[in-house]
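Enquirer: Spelled out, the chains give:
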Amino acid sequence: MKKIYLLLTFAVVLSLSSCNLDINDDPNYPSSSDVTPDLVFPAAENAVAAAVGDAMFNYSGFFAQYFEQRPEANQYNNEAELNIDESTNLFDRCYRTLYAGALADIKNVMDRVENKSDLFACTVLRAYAFQLLVDNLDQVPYTEALQGSANTNPAWDKGEDVYKGVLAEMDEAEAALDGEPMTLTDPLLNKSVSQWRGFANALRLRMYLRLIDGGINASEYQSKAVALAKAGEFFTGNVAWDVYSNADGQYNPWYDVARALGTKNHVASYPIVSYYQATNDPRMEYAIMKNDAGEYVGQIPGAKTVYKSWGVDWKNKDVSAIDYTPAVFAPIYMFTQSELQFLVAETQLRWGDKAAAKAAYEAGVQADFASRGMSVGTFLNGNRVNWDAQASDGDRLNMIYMQKWAALFYRDHMEAWSEVRRTDVPTTCAAPAKQVFENPTVYSAGQMIVPALNYIQAGGLCKRVPYPSTARQLNKNTPAAKLLSDRVFWDAK
Amino acid sequence: MKRLLSTLMAICLIVMSAWANKTVSGKVVSASDNEPLIGATVQAVGSSQGTSTDLDGQFTVTVSDNVTQLRISCVGYTPQVVAVSSYVTVALEEANTMIDEVVVTAMGIKREAKALGVSATPIKGDIIAQARTNDVMSSLAGKVAGVQIGESSADPGSSKSVIIRGVSSLSGSNQPLYVVDGVPLNNSATYSGDGLNSGYDFGNGASAVNPNDVESMTILKGAAATALYGSRAGAGVILITTKKGTKQSRGVGIEYNGGLQWESVLRLPQMQNGFGMGWYGDHTEIENGSWGPAFDGSQQLYGWVYNHSQNLKSYLPIKNNVKDFFSTGFRYSNSISFNGATDKSTYFVSLSQINDDGIIPKDADTYTKYTVSARGSHREGNFTFSTSLNYAFQRNHFVTTGQKTGSMYNSIMQTPRDISIVEMQDLDNPFNTPGYYYTPYGVTNPYYIIENFQNEYEQERFYGNLQLDYAFLKYFTATYRFGLDTNTGHHNYGSPNMAALYVGTPNYDDALKDLTGEVSQSITRRREIDQNFMLTYDQQILEDWHVNAQLGFNGNERTYKYLGSTVTNLTIPMWYNLSNSAEIPSTSQSEWKRRYLAVFGSAEVAWRNMVYLTLQGRNDWSSTLPVNNRSYFYPGVSLSFLFSELLKPEQRNIINFGKFRMAWGRTGNDASVYMTNSVFAQAAAATSGFGNGSSFPFTKVGVNAYSMGNVLGSQNLSPEMTTEFELGLNMAFFQNRFSFDAAYYDRNTDKQIFSLNMDPATGYTAQNMNLGKIRNRGVEFLVNVTPVKVGGFQWDINWNFTKNWSKVIKLPEELGGIATIYGLSGGTSLYAIEGEPLGVFKAYVPQMTEDGKIICDGEGQPLVNPEQQIVGSMNYKYMMGFGTTLSYKGISLTANLDVRHGGLLYSRTKDITYFTGNAIQTAYNNRNPFIVPNSVQQILDDDGNVTGYTENVTPLDETGIFTYWDAGGAELDRAFLVDKSYVKLRNVVLSWQLPSKWFAKCFITGVNVSFFGNNLFVWTPKSNTFIDPEASSFGNDLEGNYGEYSANPSSRKFGFNVQVKF
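First to last, the sequence lines map onto chains A and B.
Those letters in the first sequence? Residues 1 to 493, per the numbering used here, in order.
Those letters in the second sequence? Residues 1 to 1062, per the numbering used here, in order.
Next up, chain A with everything else stripped away, as it sits in the complex:
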């Protein structure tokens, strides 16, 4: 009997020697308490930058008619021919990155910090992210968003309400500032509270103009916009996510994709090439390459497969490719100084001081040349771009819009596309693509062209992106599907 007990004890002791069951904390990730808000905030900045500088930069490049799909490759046929619906998942990754990445991280930081300057920076970044969401989708989850399992089907708020909501959030957070320095690690604006205020003001100006042109409380936002432009308390330089370098894992993410795809897919579109040519713009050579014949030739939007029926054997060698070199480790532009100056110029021209408008316009052009390492030289003397050479304020406004479009190329395509939608400048050529091709006189330089092969049934250009299919599948409150021709709330014209 003794033996049995001995054996039993022996076995049980052996078995119990590793009976600690409290081993379910994941050793592959730092423990939550070790990850301070300081380590989280740059992740949120990066996520927002990646959304605007990667996927949006790419598809908006097609929508703003900078880019066209290279004839003998096929990656972006859908973007060029506007063959996009919810099944295309154009926006899904942006949606995930902005909400589950950026906005969730911002919320986590805001829940854990008390410093007012930190909270203000978080609020501004949050406003920027929501502005991007609204400009793409119009309606988005806002009041019920980011509640985790507490609300798995957040309601979708009207775009207008989201704009107003984040503007109010920014006002409140700014009013609460108490002069404390910022503590969060901030590669975007280097912890400069005044830069964050300048960024906030620029965002306000951008959003006010959209609200005004969308016919929402126009007079109220008009006076606010004028006040902002007059006060001139904006950021200096560009708001740019400047962290990339020429090494694997460190490239600019848009370039990284082009690199990974191997095959070149982007060529220059007809409108941007024709406008640069018409204005003798030296920026042509910044990212547009000559074709095999040594000329700058843009491709007519959506015409890649249609040229054949026009009697042209259209090949890669015939068209100007986009040069990826300037993008290798380029920063992601979240708000360019140049765009800001054009917004100021527009505000001053429409409702304020016209001399200030001219100064801002020229500063806008110069800022963009400077960001490309180019000298503006005599460019501004050109007939089409000279302030004083314009016949009317209407022409000047049009010129501001056109130069903004020219300046946002290879910088911030999302804003370029939004501003085209808001201002309807460049205007859309009335003639169909085939006529433009056959008889260029029906076309004025820089005009948008309705794609030759255009999957939008109602015709025209892309006015929004479809709802993400992840939202469609997982959130029963997702509104009914929209067409690409349905406009966002501020695109009233």
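Derived pair list, reagent style DSS-like, types lysine-lysine, alpha-carbon separation capped at 30 Å:
| id | chain 1 | residue 1 | chain 2 | residue 2 |
| --- | --- | --- | --- | --- |
| 1 | A | K315 | B | K513 |
| 2 | B | K124 | B | K247 |
| 3 | A | K493 | A | K434 |
| 4 | A | K476 | B | K773 |
| 5 | B | K700 | A | K107 |
| 6 | B | K243 | B | K344 |
Worth flagging that the hints you see were computed from the coordinates, not collected in a lab.
Following the hints, put chain B in place on chain A, whose structure we already have.
Expert: Same frame as chain A, now just chain B:
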């Protein structure tokens, strides 16, 4: 514990049997060869007295006076009842049906199959070895009812999928637990996590078992049969009993097996032979598709210009272009074992080797395996010590699949019909190098890939056990068993720096500039320790009762460690070493550890060998569950009733066996590791879905960052519970000439643990939770018939049939009743949807009118229905197997058909051959303009509202024809889901046992020569002209049912084997 022991002892004391006063001795031999049977059970009928035979088959037993009969039984033989006399000689016939066999059931308990109230299918070792497959599972495909065995890929050494009674778990493993000699075997599969881009599959853990070492296998199906094995047995258990040493008539028992096998490609897509290189109906010189004009025999230049010359080809199809690329695979294998035994000890030592080079040219797809096993036991008094030590080494080479540049099959499928693949073999020819290869579009010369890419895996495995048994107090045995299973795997991947090799070539800018080469090395270590302590009580009580009870304790720990490093931009273009770059390697690591403790018990009561009742229960404590839900209990009960015992002798001439059984049982299943907490992870963001991603730490600004994980952990997780009820009827007629076994089961898996996707607007993309309920109901039939048994000639037929109805009973309503299993982002995906079978595909289909016409757009192309539709399920409607054996005096011919009907799988091979215009379907209407059949166009009013339909009169032109097929034709994305029905001639074996008298005077005791063929033919529905529908690029579990992503083609195998026994 003390109380239990004393209670059990009290029972022993009360139940004292009468003193014996008669001695019987005798010998038990095998009827077939007169060899003594060792360890046969000799039991007095109507009494508990009994013994077993010794190494010479001899026995001596003392029985009571009133005993008149002895029952002699032995594993694998038909028992006999003989009258008592002073010396009896008994020749036992080998069992030829399942009824008489003895099976090993839970925790190593041996039971006669007829006593079982649960589903346990025994398989003899020689059946497993007969098909001469590389691993133990492949040989069983189509042979066992209720078990779905599939080759997830045809490449040598790749993993096998075994699904018992349908998929029940959405997230956990659906592969059975393998138990070798009482110790769980790690069966994890090593396959690519990125099947879309670079897929590979280096096999699953159970492949380490040498098929020649297997004495028998038992497949335990229902929850009542498996519950004692705990959480991991929820998907069934495969018990493997290895061969032990037996006493030899002279010297050492030696068995040698040597075999050769050849392999050839089995299934390739049917391709059109009407059109060649080009696009949109025109000739092009650098396109990777066959959208050119009709073949006309003209001479066409193609590809790039090199040194003022260009390739020239006849514009004609090369019909066997793809087939000619593949070579004949070859395998040689050797296995030898030595065994023996003395009165007290046994030993068994085996060595085996397999070298298998598959159908891809060169040695790009190979599998090498070596195994060494040593097993032994020693009995000293009441103690028995036994041990089993096994070492296995494997090395695989795998040509990656998927869509990236290193995928050979992807390149082949994109070759125009008029460009010869075999002529690309000469890699010294500049036109065959990636630099001047005829197309830059993401593909390159397949010969270059197999020659210069490296994808190698090596694994060393050590597993085994130590066991101590102690028999005491006549009816008790105490067993302690220590099991260890440890392995180290090393994956070595390399792709050449083509940018450096081919700078300045025409493909450089478009295709090669960024392919700067990669070296990736990773090491994975796994270890499992399993300890068992068990107390067994076994006694015949009075005349009619028999009790067997067990009480046990089980502790288990599993650990996993991974360390991997990758570097790009190789300095020396094709030297695959991590030091070979000026860049800093990126390194990653991960690890996990989990444990559980368990107490289990079971008791079986038998009455008059007619009614058997088993009760069991187990309680687990698992580390992966939240503290409050850590402990969970699950019981089981089974009953079997041998109603044939009640029949009169004359009735038993017709119905010689009849059993009714029923069982109910539960199995709890814990969570995966680390699902209870949310984490922060190093931040990264990619919004385009291509590229390696640019992420923290950013060296330029020297900043690292962490982002809140997108999966919401849960402190409320509770174990998954599977409840299963089953009924069975097993009958045999006419001395087992006809028998059947039918079963019905109803299995419900409740509270599934799953990471459920959420709208990212919630701040998370998924949350861990218990959700829903999945039901599998099914029927299984097994029928054996021996229509002819004349003289030495015998013809056996067997048929098995399985039908499983799977249904997702419940998924949370607030989440829309839907969960994604696997899918292409935004494309065709596999889901669990409430009310549907588990694993339904949703895909984009055309908009249809109410009367079933396709609605086309202004271009004449089908309009996409913006909502994806359910288009079918991954599940077979039924599975069947047919087997037949003809045998005559040592010669036997066996053939097995495996039939699967219904179900869908995604085929990228179909997708890409539609894109390239190589598929035979794309030659529809000779590529002349056509109107989409049975289609209409919308009539729109001024506001764009649909007011009606008019006949579609817009024909598709040459551009439109491409667009149409590229999109999937009239079915759109639904087209790329292929019917996965098939009928396969799984194997044919012709075997000849040479007459032993030929060797009577030499040391050889037996020779068997066999010719075998595996996967000889596959028949598929007419619509599947593309793939062998067993293919999977996504591993061997639930996700593997998604389908294939340019998986390498399957092969047929044939060869011969010589077995010599000394």
